[in-house]
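Asker: The listed protein sequences correspond, in order, to chains U and V.
When you number the first sequence by the UniProt record's numbering, it's gap-free, plus one each residue, and the end is 390.
When you number the second sequence by the UniProt record's numbering, it's gap-free, plus one each residue, and the end is 232.
No lab work stands behind these hints: they were computed from the structure.
As the structure is a computational prediction, the values presented were derived from the model and not from experiment.
There may be inaccurate statements among the hints.
Stated by the list, open to error - With the C-beta cut set under 7 angstroms, the calculated list includes, among others, these residues of chain V facing chain U:
| # | residue |
| --- | --- |
| 1 | L59 |
| 2 | R60 |
| 3 | Q87 |
| 4 | F91 |
| 5 | N97 |
| 6 | Q106 |
| 7 | Q113 |
| 8 | V114 |
To be verified - With beta-carbon atoms standing in for the labels, derived distance ranges:
| # | chain 1 | residue 1 | chain 2 | residue 2 | range |
| --- | --- | --- | --- | --- | --- |
| 9 | U | L372 | V | G117 | 44 to 52 angstroms |
| 10 | V | A175 | U | A295 | 55 to 63 angstroms |
| 11 | U | T24 | V | G17 | 57 to 65 angstroms |
| 12 | U | A357 | V | D138 | 32 to 40 angstroms |
We put the CB at the ideal spot given by N, CA and C, even for glycine.
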Amino acid sequence: MSRLLQALFGRLPIGWLQLTHNRTRFAAALAGVAFANVLVFVQLGIMNAMGTATLKPYTFFQADLMISAGDANALSEGGNVARQWLLQAMADPDVADGVGLFVGNVPWDRGDKDISLTTFGVDPAKPGFMVPDIAADLGLLEVQDAALLDRLARGIGKEEAAAIRPQTPLSFETQGRTVTAYASFTGGGGFGGDGYMLVSDQTFLSLFPARTSTAPDHILLALRPGAAPEAVIARLRALISDPSLRIRSFAEAGQEDLRYQQTRRPTGIIFGFGVLIGVLVGLVIVYQVLSTDVADHLREYATFKAMGYGPRFFLGIVLEEALVLGLFGFVPGLIVGTTILTVMGKITTLPLAMTPAMAIGVFLGTLLFSSLSGTIATRRLAAADPADLF
Amino acid sequence: MDPDTLVDVRGLNHWFGSGEARKQALFEVSFSLTRGSFTALMGPSGSGKTTVLTLVGCLRAVQDGSVRLLDHELNGATEAGLVALRQRLGFIFQGHNLHESLTATQNVMMGVQVRRGVPDPLARQAASHALGLVGLADRAGYLPANLSGGQKQRVAVARALVGNPALVLADEPTAALDKDSAAEVVDLLKRMGRARGTTTLLVTHDNRILDRADRILTLQDGRIARDEAPRG
């Protein structure tokens with residue numbers, strides 16, 4: 001390593017030699033940087049999982065536009081939309097089809113624990129609004145109290161989920177009714193529920209007697225091929241007399257939901273602060289290590305100053321140390337962070353995973369903030385007055 | 001200035017502190033050092049020896065008077081100019097000040113690499129050669145912690161001389177050494193200085209080494225009290 005750095009810098013790798021001279025302190029410093037990395041990885045992993053989980057239900061549907069209530073910041077939040085606006089929207093020449101989407105949570109007493117399923121009520125006669133995998137089984141929902149069940153839902157065993165077929169359905173009691181799952185689809189536990197369930201709009205209204213068919217949670221619209229979504233949205237805004245309604249593309253609705261979860265919901269803000277705290281902890285640890293190191297070698301630095309070494313040389317040494325700490329601290333941080341996210345993902349069934357983007361981002365961030373700490377630590381070098389050596 | 005003169009100090013005054021605490025440390029100090037000379041600077045504590053050393057060594061700004069070093073006037077010189085001049089000097093400190101994480105060779109290499117553009121193999125070769133000259137070829141890979149006091153000071157001498165400096169400034173280099181080691185270090189300094197034409201200004205309290213100097217300057221209360229050749 002020493003030879004590699006020597007070739008890289010074209011001078012003695014003093015930073016590396018200084019850091020590795022006291023191996024115990026070097027190991028402690030690396031552990032500190034790795035700890036900060038783990039903090040950031042875990043928080044970022046949770047934030048990413050929240051993003052993936054938020055967007056997951058949007059992947060069940062195929063639609064071009066979505067009409068929601070003004071306060072519907074998320075798919076399962078906010079008020080209802082009057083069905084009359086669906087009929088109004090269908091009057092637009094570029095709107096090919098439309099459907100009401102009902103959303104609610106149902107509990108399932110599993111004996112050892114209760115789980116909560118985010119349930120979507122859809123029109124089984126309109127498979128075009130579902131992704132092909134789900135659309136293929138949508139006809140099964142024509143039967144009253146039939147359901148498609150999330151095979152990755154938290155609290156449902158893999159074997160139990162895999163056995164769900166029309167020949168071997170799974171029945172359970174919820175909301176005072178017996179619901180029978182005839183097929184399954186891929187969802188996964190999220191932050192708002194343990195998994196998902198799809199039922200017909202009629203079954204949904206049976207499960208939620210207080211809801212009416214005239215007021216779905218959202219309206220999904222499919223446009224004719226070649227239609228310009230922005231132009232249709234503008235026309236619908238003029239056509240629909242309720243200005244509080246949110247009319248946007250389906251993709252934009254997902255992104256708005258994501259931004260809402262990350263920036264306005266307490267969980268998103270907390271995880272965001274978690275990342276910030278991890279970065280600050282890393283910054284403080286690297287600064288502390290480097291400033292202590294500078295203080296410990298003040299006399300040597302003063303000697304180098306006396307010999308005619310300039311500020312760039314000292315900045316180079318401290319930055320070299322910062323980069324060594326950042327690089328060598330990152331590797332164990334990545335290993336531990338990946339392990340923790342994998343274990344947490346298995347326990348919670350949240351989509352927690354180390355992604356290449358996360359790893360690269362944290363790596364670059366570690367180098368950046370280590371360098372920043374190093375630059376701040378060089379201020380202590382001003383105390384190294386060579387005249388004091390005599 | 002005589003072309004043989006390397007350092008020319010004229011009417012040098014220096015103060016420390018400010019306001020009522022301002023205290024004059026040097027009073028009209030004048031002397032010159034010729035190339036290749038070996039001069040001991042003596043005097044009691046507080047007499048101004050170290051101040052003279054730091055001013056001639058470009059480690060402090062000259063406040064009043066003139067210090068010409070290597071044909072450069074230090075009074076009014078910029079910080080960058082002082083740093084550039086320091087690269088042409090060799091320093092030996094009382095505490096040797098070797099870098100604890102660097103081997104003897106690496107410590108000596110620092111005396112060469114201060115000049116940009118010196119390739120690493122060349123610096124290593126020069127350092128090995130310098131260590132050989134001070135009799136430490138077999139200790140080249142040792143860290144300072146594994147060297148004796150005398151050996152450390154010899155490494156410091158090698159570091160100061162490896163870049164062929166025009167002037168070596170040494171501050172009590174023998175203070176922490178026993179008699180034999182002290183004599184060895186001073187002889188080494190003098191021998192190598194003479195071989196390379198290096199001028200040496202050595203601050204010392206150590207009477208054991210005075211007879212080895214070409215000239216002894218004695219400072220008293222910030223003034224040159226005596227300028228003489230050693231007796232005997």
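Asker: For every hint, state whether the structure bears it out.
Answerer: Hint check:
1. L59: holds (4 angstroms)
2. R60: Nearest chain U Cβ about 5 angstroms off; hint holds.
3. Q87: holds (3 angstroms)
4. F91: Hint holds; F91(V) Cβ to chain U Cβ min 5 angstroms, cut 7 angstroms.
5. N97: holds (4 angstroms)
6. Q106: holds (6 angstroms)
7. Q113: holds (6 angstroms)
8. V114: With a closest approach of 5 angstroms, the V114(V) hint holds.
9. L372(U) - G117(V): 44 to 52 angstroms: violated (30 angstroms)
10. A175(V) - A295(U): 55 to 63 angstroms: At roughly 25 angstroms between Cβ atoms, A295(U) and A175(V) fall outside 55 to 63 angstroms, so the hint is violated.
11. T24(U) - G17(V): 57 to 65 angstroms: Roughly 43 angstroms apart at Cβ, these two residues miss the hinted range, so it is violated.
12. A357(U) - D138(V): 32 to 40 angstroms: Roughly 54 angstroms apart at Cβ, these two residues miss the hinted range, so it is violated.
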